[in-house]
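K.L.:
Chain by chain, the residues run as shown.
Protein chains: 2
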Amino acid sequence: MERVLKQGFNIDYSYNIYFTEGIFAPHNKLLSDFFQQRRNPDFKQKVLVVVDSSVWKHHPNLNQELQDYFKDLNDVVLAGPPLVITGGEVCKNDPQALESIVQAIDEYAVDRHSYVFAIGGGAILDLVGYAAAISHRGIRHVRIPTTVLSQNDSGVGVKNSVNYKGKKNFLGTFTPPVAVFNDYSFLATLDKRSWLAGISEAIKVALIKDLDFYNWIQAQVEDLPRRDSQSMKELIYRCADLHLEHIRNGDPFELGSSRPLDFGHWSAHKLEQLSNFEVLHGEAVAIGLAIDVIYSYLIGNLTESEALSVVNLIHQLGLPVYHPILSEVEGKQQLLKGLTEFQEHLGGRLTVVLLEKLGKGRDYHHIDGDYVLQAIDILRDFEKEYNRLDEVS
Amino acid sequence: MERVLKQGFNIDYSYNIYFTEGIFAPHNKLLSDFFQQRRNPDFKQKVLVVVDSSVWKHHPNLNQELQDYFKDLNDVVLAGPPLVITGGEVCKNDPQALESIVQAIDEYAVDRHSYVFAIGGGAILDLVGYAAAISHRGIRHVRIPTTVLSQNDSGVGVKNSVNYKGKKNFLGTFTPPVAVFNDYSFLATLDKRSWLAGISEAIKVALIKDLDFYNWIQAQVEDLPRRDSQSMKELIYRCADLHLEHIRNGDPFELGSSRPLDFGHWSAHKLEQLSNFEVLHGEAVAIGLAIDVIYSYLIGNLTESEALSVVNLIHQLGLPVYHPILSEVEGKQQLLKGLTEFQEHLGGRLTVVLLEKLGKGRDYHHIDGDYVLQAIDILRDFEKEYNRLDEVS
Ligand SMILES: NC(=O)c1ccc[n+]([C@@H]2O[C@H](COP(=O)([O-])OP(=O)(O)OC[C@H]3O[C@@H](n4cnc5c(N)ncnc54)[C@H](O)[C@@H]3O)[C@@H](O)[C@H]2O)c1
Ligand SMILES: NC(=O)c1ccc[n+]([C@@H]2O[C@H](COP(=O)([O-])OP(=O)(O)OC[C@H]3O[C@@H](n4cnc5c(N)ncnc54)[C@H](O)[C@@H]3O)[C@@H](O)[C@H]2O)c1
Ligand SMILES: [Zn+2]
Ligand SMILES: [Zn+2]
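Protein chains in written order, with our numbering: chain A, 1 to 393; chain B, 1 to 393.
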């Protein structure tokens, strides 16, 4: 006789995203309050800190600040010296980087009631988040993102990952952090490209979800590239908020096939790879957005002037809308192959978000390669025209 | 000015545990119905099957049965030939075993809408479950446990893991399977030790949660060792049910420090390790239960005769209650060190479940080493007496 037992339960996930400046400054109580609220009267919780090598280099006082800040805390103790890992995509490609974090967790006996902190760009957060998620079946993970992109997008979400044999994000988990501290002061040391690159994700989420925000970004087209603090803080806050709202009300652990936040990303992932990661993620997204916006125009969802206004906005912000690889024969083929890989990574049926109109995305299950190539030609001509105008002015 | 965004959502988890025989027999519709209910009209889902090498060897028709069964299905297709992995703890110690599964997932393009099946003992299920959980941030995982222990305990739960530098279960995640198929017919090929070893987990959960079940096991003391099907099927079903109920109503992802289902396990984990895994997990648990039951008596929670009745039951079922390593000087020291390691793995304060009375467990935060050593001496004397009686009879 056949029998069945049914299992079912649900798990609540919650965490806060704090916006601050100078998180380790002596007078800043955000972190000490956080620890105090979660203190355990029976023992001191340990904190293992992993830091992005560029952050370490550009913020020479960070180590001293960390030591001083933790010396004054009663509820927690540093597990050991901060672990410095080479930042950028390279750390997600290097199995040794993952190993070194797991090893530190083992060596310093960092347990499930301890914390693993990550201070760095999106790549370091992805790597450290993954190491924390798999060690002891999950150690509490705190993120301190240090790039625009990680503060407004990757760092506030629920995913972590590393690459496997060059395949982007092949290994990873869905594991929410216990807290995110967006410390604006870290952004001061970003180079111009990284500063700008993070803006793409804001344009992305505005285009698919929030026309008001899109218009607001339009209005900041001069302030953002000249590194105006107020504009950037507001951009990060609103963009993070939209991402959080989407995750919460959507499909947080992506059990379905749809992934609206990946608007502009199917081609971006491929372009990053084709350029050997010379093109930054945010730059690739800028180009991917341009392609998908023109595509949305070609299938009749946007007017020509709407599409052009988006492409112009991207350009005026200082972001690229085109890359020569895309016009090479091999590049074109690879790009279209990227659609299949995108589908495989998400699983199931091909699902790509395009614009139904400005401020509203919609799932599509078929992408017409001819339109993609047409969009690329249009963008190539734009780029030419922009360059001509830049020379003239 | 500091700002905060609050994130919060919850995730529902549910899966069924089916009890059947001959899951791949042509007339058995359990699995084909399962696939049909979850079919996707747009594409065929892939199934990667990973099999325990002992199961592969002892069930020489399995491959043919699998091929025949899947040939007749319309909704899914085998991703590739079954992947056979050496069963037992060795597979959790071998990074290459993990790698070979991840590699197959990559090679056969097994995506998030595909399935990774594991057919085998608890070790293979832990390993394959882990590989599935980290690949593409989680591929649907189906378990077909083939030992008593994995059918009544490890295979029905939400955990997976591998060992790291000899540290048991150091890496892993909490990731529920999408289904479990407990196929009784696999158990026919278990050797005597493995057949008996799984009974320990039933005694464990009965002692801490269900006096009725404990008395029922008492009544099967002759049927179980002589491999009576009806008794074993019932034991597995009731034991699985109690485990499921505990997970559901407790702390499924173990965010606290308490882990009642680890009754008898703090010493068991250590003994497995000390014996170089020569002692099976279930055997070590039998001894661990005996230690903790005597300990519960020594602190006044059980009467002497209650404690002895448990020790006798374990012995009569054919399971050990003692191991000579425990009386060696080095063994004693190591055992007590095991308490600290147990605490570190769980994190936070030491929390060990002991018996408040038969059928009811309770958390304790201190373990007295002297009582432990006294319990071991008592059990050594028992074992001597049992051996003497066995010789006489
Ligand atoms: N988990 C997610 O949901 C998610 C979402 C989007 C992107 N991502 C990932 O995020 C990564 C990209 O993140 P990113 O854009 O932050 O880039 P990044 O992490 O690659 O960092 C770019 C460079 O900036 C350096 N850097 C970081 N902070 C700095 C600072 N304050 N000052 C000076 N230099 C600094 C880094 O060392 C690196 O060299 C990719 O790996 C991408 O896959 C993840
Ligand atoms: N995930 C959890 O919640 C959880 C809970 C308890 C135990 N476990 C783990 O489970 C593992 C122990 O599992 P186990 O007791 O099933 O032992 P096992 O998986 O180590 O298997 C024991 C032996 O039996 C063989 N075998 C398996 N099925 C067989 C069959 N039908 N016929 C003949 N031989 C067969 C295996 O190849 C192996 O050699 C340990 O690694 C333990 O840590 C996990
Ligand atoms: Zn992105
Ligand atoms: Zn066990």
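No wet-lab data here; the hints were simulated from the structure. Each hint should be verified, as a subset may be incorrect.
For identical chains, the list gives no copy identity; a pair is met inside one copy or between any two copies.
[Stated by the list, open to error] For lysine to any residue, the following SDA-like pairs were computed, each having C-alpha atoms within a straight-line distance of at most 20 Å:
1) Lys29 - Gln64
2) Lys44 - Gly359
3) Lys165 - Lys360
4) Lys165 - Ala109
5) Lys44 - Glu344
Quick caveat, the model's predicted, so the values are computed rather than measured.
K.L.:
Does each hint fit the structure? Answer for all of them.
P.N.:
Evaluation of the provided hints:
1. Taking CA atoms no more than 20 Å apart as the test, Lys29 paired with Gln64 passes inside one copy only; the shortest distance there is 17 Å, against 65 Å between copies.
2. Neither within a single protomer nor between protomers do Lys44 and Gly359 lie at most 20 Å apart by alpha-carbon distance, with minima of 48 Å and 35 Å respectively.
3. Proximity of Lys165 to Lys360 under the C-alpha cut-off of 20 Å is found in neither arrangement, the shortest distances being 36 Å within a copy and 50 Å between copies.
4. With identical chains, the CA atoms of Lys165 and Ala109 are at most 20 Å apart between copies only, with a shortest distance of 14 Å across copies and 30 Å within one.
5. Within a single copy, Lys44 and Glu344 get their C-alpha atoms only as close as 45 Å, which misses the 20 Å cut-off; across copies the closest is 13 Å, which meets it.
When the structure is compared with the earlier hints, violations turn up for hints 2, 3 and for no others.
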